[in-house]
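Engineer: Chain order of the listed sequences is A and B.
Heads up: the first sequence begins at 1 in the working numbering, then just goes up one per residue.
Heads up: the second sequence begins at 1001 in the working numbering, then just goes up one per residue.
For the record, the hints were derived by calculation from the structure and aren't laboratory data.
Heads up, a few of these hints could be off.
To be verified - Within a straight-line C-alpha distance of at most 27 Å, the following computed DSS-like cross-link-like pairs (lysine-lysine) qualify:
(1) Lys129(A) x Lys1252(B)
(2) Lys1012(B) x Lys123(A)
(3) Lys1026(B) x Lys83(A)
(4) Lys1026(B) x Lys124(A)
(5) Lys1012(B) x Lys129(A)
(6) Lys124(A) x Lys1012(B)
(7) Lys1250(B) x Lys148(A)
(8) Lys25(A) x Lys54(A)
(9) Lys224(A) x Lys1008(B)
(10) Lys54(A) x Lys1012(B)
(11) Lys1252(B) x Lys123(A)
Unchecked claim - If you only want the chain B side, here are some residues facing chain A, beta carbon under 7 Å, derived:
(12) Trp1015
(13) Val1019
(14) Arg1031
(15) Val1100
(16) Asn1254
(17) Asp1255
Just so you know, these numbers come straight off a predicted model, no measurement behind them.
Yeah, the Cβ is synthetic: ideal placement off N, Cα and C, and Gly gets one too.
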Amino acid sequence: MQKIIVADNVSMCFNLASERVDSLKDLLIKKIKFQSCSFDEFWALNNISFSVDKGESCALIGANGSGKSTMLKIISGILTPTKGSVEVNGSIAPLIELGAGFDYELTGRENIFLNGAILGYSKKLMLEKYDEIIDFSELRDFIDVPVKNYSSGMIARLGFSIATMVKPEILVVDEILAVGDQAFQDKCHKRLEDMMNSGTTVLLVSHSAADIKRICQKAVWIDKSNLRFVGNVDEALQLYDKPG
Amino acid sequence: MHIVDSAKRLVKYSWLLQVLVERDLKIRYRRSFLGYLWSVLNPLLMMIILTIVFSNMFRFDIPQYPVYLLAGQLIFGFYSEATSMAMGSILGGAALIKKVYLPKYIFPLSRVISSFTSMLLSMIALFIVIIATDVTFSITIILLPFILVQVLVFCIGMGLLLSVLVVFFRDVQYLYSIFLTAFNYLTPIFYPESLLPEWLRELLVFNPLYNYIKFFRKITVYGQWPTMTEHLICLAFTFCMLVIGLYVFKRKQNDFILYI
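Bound-form chain A, shown alone (with noise of 0.2 Å):
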């Protein structure tokens, strides 16, 4: 089987915000009382190595604040770890977070464009693309509506429209499946399972056991920065859940 990710070892320190030199007075009054300005270090990974294969999706764990998003940053190329590797083989595109690549002020349809480029999409994949994207969102009688107009809900339909309408190898969702209607929750479920089934593999953080069991087939388990599990979604889950 290829891998489609490998993780080696991967650490990431951050130094702590009470730490940051964000002024010149700051600096200044560091360098005079001959402080170093990186103190505080704080370990969000340590040592973390996992593997997943192509076509397989995999579930990232954890409580709140343990990691999982760092991680998925690193993955993605946002974040250089401090130590350790990670190898991506194949495009990943991000399921951004209710609309951070929108600018509030276009209209939807300038905005799918508009995404559609910040994903490192071509205009021609856009051109052919957008009528079925504007469908699978339900939006079509808003799409010239500035997008400061719609609500959230509307917001994460176009999003998520835009960034499943191209099949990347790698998609990254990150906690944002609970967003829209019933209705559309079920058929961006059943997106995703089309995608899987063409052979996107899925990196979900998520809370819910219950998404987390029908997507992926693999889970790790990151707890305070450190590697606790990694293998099989239901024996993580169940590790997980266990109370101690």
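Dock chain B against chain A, hints included.
Structural biologist: Below, chain B without anything else, positioned relative to chain A:
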């Protein structure tokens, strides 16, 4: 190998650059009745007011004063808008930078290019004034694209540098607006060079914008060819600024995410 990768990435994201520039231009005049016409009207009206104020109150003895003034204003206005907008671009794009992998220079670059586009529109105002007054077009105007591209590249370098500085030290945005005001008065835009004391006039050559504006005025207003020295000075400023901007940006771009 490294250069090939960068070039490929630039091609891949060139459409994003185009979309971002279009967005800036669309938002700028959205819902205003006159729309893009403001890019022409604005400098024109400003010039009329300043001409009335300065040629009546201060009686500067400058030949072709309206064109002299407008030429300086257009270049300085572009510089100040482009660099100020580029400065905040990384912070403004924080939401995206945290979520998606993007070449980060695309944020300052798109801001400078959108300012440049609207400045090109404003150039129409200059031609209107040239035609309306008794300034004659001269063949030297063929150097116009050459100097405009130089100012553009200079602004890209400065924009890259500022966008990095402001990520690490937020004070820079306040300092820079004060700096811009001082810079505005230190550059002969609405007054003649001869007004400055001797020692200050000798220092003017170290002011990049002064050199660009002088070059620009020579070819548009006075129909003279710039000297070799003037060419070299402008090129040197352009080149150095770009290299500094790129170098600082490249060294620091991976740390942005920890500070935004």
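Engineer: Would you mind marking each hint as holding or not holding in the structure?
Structural biologist: Tested hints:
{"no.": "1", "hint": "Lys129(A) x Lys1252(B)", "verdict": "violated, 37 Å"}
{"no.": "2", "hint": "Lys1012(B) x Lys123(A)", "verdict": "holds, 10 Å"}
{"no.": "3", "hint": "Lys1026(B) x Lys83(A)", "verdict": "violated, 44 Å"}
{"no.": "4", "hint": "Lys1026(B) x Lys124(A)", "verdict": "holds, 22 Å"}
{"no.": "5", "hint": "Lys1012(B) x Lys129(A)", "verdict": "holds, 18 Å"}
{"no.": "6", "hint": "Lys124(A) x Lys1012(B)", "verdict": "holds, 12 Å"}
{"no.": "7", "hint": "Lys1250(B) x Lys148(A)", "verdict": "violated, 34 Å"}
{"no.": "8", "hint": "Lys25(A) x Lys54(A)", "verdict": "violated, 51 Å"}
{"no.": "9", "hint": "Lys224(A) x Lys1008(B)", "verdict": "violated, 39 Å"}
{"no.": "10", "hint": "Lys54(A) x Lys1012(B)", "verdict": "holds, 25 Å"}
{"no.": "11", "hint": "Lys1252(B) x Lys123(A)", "verdict": "violated, 31 Å"}
{"no.": "12", "hint": "Trp1015", "verdict": "holds, 5 Å"}
{"no.": "13", "hint": "Val1019", "verdict": "holds, 4 Å"}
{"no.": "14", "hint": "Arg1031", "verdict": "violated, 10 Å"}
{"no.": "15", "hint": "Val1100", "verdict": "holds, 5 Å"}
{"no.": "16", "hint": "Asn1254", "verdict": "holds, 5 Å"}
{"no.": "17", "hint": "Asp1255", "verdict": "violated, 9 Å"}
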